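Student: What follows is the residue order along each chain.
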Amino acid sequence: MGSEPPAPVEAGASAPVAEGTPAAPADETFRLHPLTPVALGGRILGVVAALVLFNLAGQRAGEGGGVNWPLLAVYGGLAVLVVVRGLVTVAVTRYHLRGGELRIDSGLFLKKSKRVRLNRVQSVDVLEPFAARIFGLAEVKVTTAGTERSSVRLRYLSLPAARQLRAELLGRSAGGDEGAPEAPERPILAVPHGQLIGAVLLEMVSWRLILLLIGPVLATVGQNNGHRATAGVGVVLFLWFAVLIAHSVWRRVTTLWEFTVTESPDGLRIRHGLFSTSRQTVPPGRIQAILIHQPLSWRPFGWVQVRMNVAGYAGNANSKSTMLLPVADRAFATALVGWVLGGVDLESIPLTRPPSRARLRCPLWWRAQVAGSDERVFVARHGLWSRTMDVVPHERTQSVRLTAGPMQRALGLATMHLDSTRGPVKPRAANRDALEARAMVDRQVERARAARRVSAGAPSGPAVAEATPSAS
Amino acid sequence: MVMEGPFAPPRDQSWSRVSPRLARMRRTVLVFTGVPVVVAIAVACGLASSTLAVVAAVVGAALIGLCWMSIGRNLRSWGYVERADDLLVTHGALFKKLTVVPYGRMQLVDVEAGPIERSFGLVSVKLHTAAATTDAKVCGLTPDTASGLRDRLTQLGEAHASGL
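Order-wise, the sequence lines are chains G and F. Oh and the first sequence: position 112 is 1068 in my numbering, straight run, nothing missing. Oh and the second sequence: position 81 is 86 in my numbering, straight run, nothing missing.
Bound conformation, chain F alone:
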């Protein structure tokens, strides 16, 4: 927890966390794609030698386990705070990021949900400014939270709008 400092929420505030369903969705996707791949590789190795197949299976299982755990870490790393003048978004477990977007700089707010996201009842909200590098996306929100956030953001954006 050495790095908690620089990526800490603003004083007297705490991160709003995203829905744990995000991790469940990612883990489901991981199991449904990772396991068949590992099995296929293990079977292919099994044609050559059975020890190789065991090694492949163990390594594959270990990798899946690692991904499983990192999904958990990644989930806990997501957070956002709505302040009076700007929105703070943080995410990333290994590569940490913190973005501060002033409401007055928002050009548009995107609400997106892909088919897999939808089946898990998740939505993501993305903020665009005039800069292409602005990386302000909040994944894994429930539809209610997302539409509430979107409405508040668009309102605040209009109130603060200051051109470019």
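Extracted from the complex, chain G is given alone in its bound form:
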């Protein structure tokens, strides 16, 4: 056992493991942190507190006579309900670590028991929503491979307990001994504040500049023609769009604040957030596909963004957790991606273009739709102005598809798709010569099969890295 096991209960149920006891998979039973109700109901409690204060302040100002007791009683009742509900949750929820399994028992009347097989774990996140962070609490979210409801959330534990549990889960999921101490980290990248703000501003504003310009144009036209209503609309429009854009910039900057990527034996660690923070750990070989994206407005600076597909990180609610690098130099990002995929040189992969008749289907962009593969990965680039490069290691290919619509068939073209788990990366080789596309499909299937055979034993990925890209 490491330092402090998280809030142990019922010493009888799980004999404490003495120092040096042989590693028979220990059973451990834990509970949620007693402050959980306050953090769970954080938002509602905050609103109630604000309402009460507002109410009292109103009375103090001497508007009504006396305090409005019935109203306060309603607010108080609401707060008590929220807290009681949370307390019940804490009282009935228990989680057990047993060998290679995490079991969560919950429910007051309707008992629920959920089991997670730890060798199926895709990632373990420690999240600190703002309300929880105030009390030093954190959520542990375990994502497993599956299409729906594939994550288990433990809300809330104290932060040290959460980190301890994460280390434990990752240790057990890798088949190691339980009671592993937190693995040491090695920094890879920390995004500087200035670069993050600049990048988000450029990305968010870019074409929306047109929206921002509508207002001033209208205002000037209205002013010059003495039409005050038009001028007024212009001002309102400008403010409206400015607020919208500022809001989205603010949200993005605060979620991606202090974005750091570190490498540890149990995987890549990604940490970010200003008010609500998140610490993700993606074990080696769990990244299904990666894309390197360069918005048009970033091109003068040579910046790129790196996002990834991780099984279970699906849907929009989780879109921020698919971020691997919010902004970095292109050379660095390419090197990092190559290294994450186990030492692939992305620049050396031969890429080919669709035949020139593809311009009838895809007038300007056909030139940019290049694709190719080597023994390890499939790579496709697309986008003329904003550029994207998709990378899939062969052993992570799920299935391969060939499609051709009526127009493509008339031109003798077809598109090859590689199916990856849900996420931002949707790799494909678009508008290839039909027979060439079929040959690509067959080759891709063959390579994926060979790669699966090789990787069947040991999981690939940067478990032990020899060379790390160094920040330039």
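You may find that some hints are simply not true.
Stated by the list, open to error - In silico DSS-like cross-links for lysine-lysine, where the CA-CA straight-line distance does not exceed 30 Å:
id, chain 1, residue 1, chain 2, residue 2
1, F, LYS131, G, LYS1070
2, F, LYS142, F, LYS131
3, F, LYS102, G, LYS1382
4, G, LYS1382, F, LYS131
5, F, LYS131, F, LYS102
6, F, LYS142, G, LYS1382
7, F, LYS102, F, LYS142
Rather than coming from a laboratory, the hints here were simulated on the basis of the structure. Computed from a predicted structure; not experimentally measured.
Let chain G serve as the given structure and place chain F on it in line with the hints.
Tutor: Chain F only, in chain G's frame:
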């Protein structure tokens, strides 16, 4: 037959075709839904003018005929091949698709039959991988073929299972 090449079955193999009852089912559904709709529209047009009613009826009949024929083409486009390591599925007459699913990637195999399908003695088998975009469904199988396919697939899936 220009496009037979890219969507051809693997060398030395041929597509297993689906039951022609699939076309019969779809045509029955077409007649039972399309004809009443066309008749209703023609009658409604007939209230305005009789020529309009004739035009509506002719156009409607032509559309139904077109659908009738495309159902036939679609039926002939379905096919699947079980290979040593993967399953190939193809379908689509206008938008052609070919999907290769390695057995080791299968997460589960669904066997489905709706009420209409059941009354025609048809079943469809659907393969799921960890990718939501995998489009591997074989429609219009007879129950025996379907359960045989399902059993073979699940067996092969276990034998090849390679996680994610």
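Student: Each hint needs a verdict: does it hold in this structure or not?
Tutor: Going down the list of hints, with the structure as the test:
With a C-alpha separation of about 27 Å, the suggested pair LYS131/F and LYS1070/G falls inside the 30 Å cut-off, and the hint holds. Restraint check for LYS142/F and LYS131/F: satisfied, since their Cα atoms lie roughly 4 Å apart, inside the 30 Å limit. Our distance criterion of 30 Å between C-alpha atoms is met by LYS102/F and LYS1382/G, whose separation comes to about 17 Å. Restraint check for LYS1382/G and LYS131/F: satisfied, since their Cα atoms lie roughly 22 Å apart, inside the 30 Å limit.
For the proposed pair LYS131/F and LYS102/F, the alpha carbon gap of about 15 Å is at most 30 Å, so the pair holds. The suggested pairing of LYS142/F with LYS1382/G holds, with an alpha-carbon distance near 20 Å, which does not exceed 30 Å. For the suggested pair LYS102/F and LYS142/F, the alpha carbons sit about 11 Å apart, so the restraint of at most 30 Å is met.
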